[in-house]
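Novice: The chain contents come next:
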Amino acid sequence: MAVKGLGELDQELDGSKVRVGIVHARWNKVIIDNLVQGAKKRLLELNVKEDNIIIESVPGSYELPLASAAMFEKHDVDVVIPIGCLIKGSTMHFEYICDSVTNALMDLQFKIYKPVIFGVLTCLTEEQAEARAGLIPGKMHNHGEDWGAAAVEMVTKYSPHLTKISGNK
Amino acid sequence: MAVKGLGELDQELDGSKVRVGIVHARWNKVIIDNLVQGAKKRLLELNVKEDNIIIESVPGSYELPLASAAMFEKHDVDVVIPIGCLIKGSTMHFEYICDSVTNALMDLQFKIYKPVIFGVLTCLTEEQAEARAGLIPGKMHNHGEDWGAAAVEMVTKYSPHLTKISGNK
Amino acid sequence: MAVKGLGELDQELDGSKVRVGIVHARWNKVIIDNLVQGAKKRLLELNVKEDNIIIESVPGSYELPLASAAMFEKHDVDVVIPIGCLIKGSTMHFEYICDSVTNALMDLQFKIYKPVIFGVLTCLTEEQAEARAGLIPGKMHNHGEDWGAAAVEMVTKYSPHLTKISGNK
Amino acid sequence: MAVKGLGELDQELDGSKVRVGIVHARWNKVIIDNLVQGAKKRLLELNVKEDNIIIESVPGSYELPLASAAMFEKHDVDVVIPIGCLIKGSTMHFEYICDSVTNALMDLQFKIYKPVIFGVLTCLTEEQAEARAGLIPGKMHNHGEDWGAAAVEMVTKYSPHLTKISGNK
Amino acid sequence: MAVKGLGELDQELDGSKVRVGIVHARWNKVIIDNLVQGAKKRLLELNVKEDNIIIESVPGSYELPLASAAMFEKHDVDVVIPIGCLIKGSTMHFEYICDSVTNALMDLQFKIYKPVIFGVLTCLTEEQAEARAGLIPGKMHNHGEDWGAAAVEMVTKYSPHLTKISGNK
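Protein chains in written order, with the working numbering: chain H, 1 to 169; chain C, 1 to 169; chain X, 1 to 169; chain F, 1 to 169; chain R, 1 to 169.
It should be emphasised that the hints constitute simulated quantities derived from the structure, not laboratory data. Among the hints, a few may not be true.
Copies of one chain are not kept apart here, so a pair can be met inside one copy or by any two copies together.
Here are the simulated DSSO-like pairs of lysine-lysine, each with C-alpha atoms no more than 27 angstroms apart in a straight line [as the list claims (entries may be wrong)]:
1) Lys164 with Lys74
2) Lys139 with Lys88
3) Lys74 with Lys139
4) Lys111 with Lys164
5) Lys74 with Lys88
6) Lys41 with Lys17
7) Lys29 with Lys111
8) Lys164 with Lys29
9) Lys111 with Lys139
10) Lys139 with Lys164
11) Lys17 with Lys40
12) Lys88 with Lys49
13) Lys41 with Lys139
14) Lys29 with Lys41
15) Lys17 with Lys29
16) Lys139 with Lys17
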C-alpha cells in the first residue's frame, strides 16, 4: 500500500508500564530475526523496559494465533505482536494459511479484548519480504518498527476501555 | 457500484441527541482527512452537536475494529464510523487486511448490538481513493458524507430495537 | 445458476399467520423497488396479510444485517427478507461487501434462530440485475417472488423447531 | 479431487440405530433426486431403517444450514445430510452462496456437536453435476452414496464423544 | 513457501507425557499413509510413547474438524494432528473444502483451547502432494514430520497456559 503522507500521532506514547509479548514463526529466519529486532528497537525507544519484552517462537505462522492467546496468560503481557513471514509457493498453502491466520489474529482480539498486532508478511516473493524487513538498503523501512509502535499505542489508547465489553471489570 | 437512482429516505433524521465516534487510520493522510471532514460535515448538517463528535486515530486499518469496540466504552458513543483507506500494493497485504477488517467491523455490530458504519475504502489505485474522498473535482462526492448520514440513520431507526437480542435491557 | 427443473414443493404453504419484515437498501432504486414489489406480491398470494408485511429501508447493503436483526424486535416479525443490489464497480468494494453481507446474513440466522432470506443480488453488470428484477421482458422472472415464497416456507417448516437450539422455550 | 486409492474403513459400520435427516434444495431436480436416492440406498445398505430416514426439501442451497439445524429438533435425528447442487452462472451468486453455505454447514456442527455431512455440489457446469450424481454412465459414481456412508460413520465413531465439549451430558 | 533458513528451536522438547491423536482422511491413501507415518516417526523420536499415539480415520477432509474435536474427549489426548490431502479437481469443491476446513481447524483451537496442528495438504497437482509426503526422492522431506514436532512443541509451550482463557481450571 502506498505511504503517501502518514498522519501524525494524536497523542504522546509512553511504554514504560507496558508489557509486550513477541511470538514469531521460525521459517525464513533472516527476515524474521530482523522484523523481531525492528519491533524490539521501537519498543525500547518508546520506553518499554527490556524485561517487559518477552520473545518466544513457534514453528510456523499457523501456530501464531493459539500461541498469541497463550502468551497473555503465560507472561501476563498487555499486547502480543505475532510475527511471521509467509511467501507464496507452488501449492495453495500460502492462500489458506494467510487467510486463516489473519482472521484468527483479528478475532483473537475479540475473545480476550486485548490488542494483537498484525506482524505477518504475506508476500509473493522473497524480495518483497526482505524489503519489508529492512534488508534491502534504500528501499523500505523495517516493518517491525511499525508493529512495535502500534503495540504501545493500542495499549495506551484502548486497553483501559475494553473492560465492559469483555465482562472483566 | 453504479448509483442509478438512490431511493429517498423514508424518515426524517435528527442527530441532535446522537453521539458519534470517528476512528481513522493514519495512512494516506490527505484522503483520510477529507473523508473525516466529509463525515463530520454531514453529521453537523443532521444536527449532531460538535461536542458529540469524538475523533481519534489508529496507525492502520487493521487496528480499526478493536479501536471501534473500545470507542463505545471510552466515549459512550451510539455509533462508530471507522475510516480507513486501503490501496492495493505489490504483496497480498491488501487482500488479507481488507477481508479481515471488513468482516471484523461487520461482526463487531453483533457483539455490541450497536451500529458500526463501513468507512473503509478498498481501492486498486490512489486515484480511485482520491475520487471517493471528493478530491477530484467533478468526479465523485466525498463518501465520508454518506457515512455520516448512515450513522445517524442507523442509530435513529435501529439502536432502540437491539436490546432484546443483545441481552442489555 | 441453471434452473433445470425446479422440484415441486412438498407441502402446502399458508402465510395467513406469518409476519414478514422487508428491509431494503436504497442504491439502484428501480431494481430494488421491483424486487420489493415482487416479494410483496408473492407474500400476498400466499395469504400473508398486507398489515403483516413491514417494509423499511437502509442506505446500502452493508447495513442490511444489523437492520435485519433489529427488524425482528422492532416489528415482531417471524422472518426478514433483506433486499439489496450490489453491482461490481472499479474498486474492490463490491467483493468485500458481498462477502461480509452474505456471511453476516447467514450467521444472523444462528444468532436469533429465525429465518433470514438471502435477497441480495451480486451482479457484474446492471443488465444482470435488471433481468433478475424482472425488468427485461422475456428474460427472467422477478427474483423477489422467490424470496417471498422462501420466507413463508421457512417459517412454516422450521421456525417451530428452532426453540431448543436457541435456548428460548 | 483425485481418487487414487481410497483407504479402507477401519471399523465395521452398523446403522440400525441411526436416525438420519436428509434436507435437499429443489433446484436442478434430476440431479438432486439422484443424489438423494444415492444417499438413501447407501444408508439402507448400512442397515439404517427406512423409517429412520426423514427427507424434506427447501427452496435453494442457501436455506440448507438453518433447515439442517431445525431437522435435528424436528425429527430427532443423529445426523443431517444437506444436499444441494450449485452451478456457476453469470453473476457472482454462485461464489457467495457456495462460500457461505459451506462455512455455515461446517460451523453448524460446532453449535450442535452433531455431524452435518457436506452434500453440496459446487460445479462449474451442469455436466460436472450430472457426473457426480451418477447420471453419466461409466463416468463417476453417485456421490450421494459417499454421503450416506459418511453419515453412519461419523455418528458411530464420534457422536458419543461430543458430549463434554457441547455441555450436554 | 521457501524454507530459507529455519530458525532453531528455543527449547528442548520432551514428549514422554504427551498424548497425541492423529485423525486422517482416507482419500489419496498412499500419500496419507506416508504423512501419518512421518508424523508418528517424529513423535516417537521426541519420546512420545507408542501407546500415547492414537490413530483413526474419517472419509474425507471435510470430516476432520468435527472428528478432531471428538478425539480430545474420545481418547483424552493433548493435541490432535488432522491429516488430509486435498488436490484440485475440475469443480470448485477443492476451494470451498480447503477454505472451510482450514478455518474450522484453526477455530477449533479457540473452542477447546488445545492445539490442533494443520496437517492438510492443499495441492494443485498430485505430484505436489507426493513431494510433500516425502514420496519423491531428493525433492522434499515428509511434512508429517513437521506436524509431529509441532504437536509436541505446542503442548509443551502453551497448553498449560490456556486455562484462564478457556474457563477450565
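Novice: If a hint holds in the structure, say so; if it doesn't, say that too.
Specialist: Each hint, compared with the structure:
| no. | hint | verdict |
| --- | --- | --- |
| 1 | Lys164 with Lys74 | both (23 angstroms within a copy, 10 angstroms between copies) |
| 2 | Lys139 with Lys88 | both (21 angstroms within a copy, 18 angstroms between copies) |
| 3 | Lys74 with Lys139 | neither (37 angstroms within a copy, 39 angstroms between copies) |
| 4 | Lys111 with Lys164 | both (13 angstroms within a copy, 12 angstroms between copies) |
| 5 | Lys74 with Lys88 | neither (32 angstroms within a copy, 37 angstroms between copies) |
| 6 | Lys41 with Lys17 | within (16 angstroms within a copy, 39 angstroms between copies) |
| 7 | Lys29 with Lys111 | neither (30 angstroms within a copy, 31 angstroms between copies) |
| 8 | Lys164 with Lys29 | neither (40 angstroms within a copy, 32 angstroms between copies) |
| 9 | Lys111 with Lys139 | neither (37 angstroms within a copy, 41 angstroms between copies) |
| 10 | Lys139 with Lys164 | neither (44 angstroms within a copy, 44 angstroms between copies) |
| 11 | Lys17 with Lys40 | within (15 angstroms within a copy, 35 angstroms between copies) |
| 12 | Lys88 with Lys49 | neither (36 angstroms within a copy, 36 angstroms between copies) |
| 13 | Lys41 with Lys139 | within (19 angstroms within a copy, 39 angstroms between copies) |
| 14 | Lys29 with Lys41 | both (18 angstroms within a copy, 26 angstroms between copies) |
| 15 | Lys17 with Lys29 | neither (30 angstroms within a copy, 30 angstroms between copies) |
| 16 | Lys139 with Lys17 | neither (34 angstroms within a copy, 49 angstroms between copies) |
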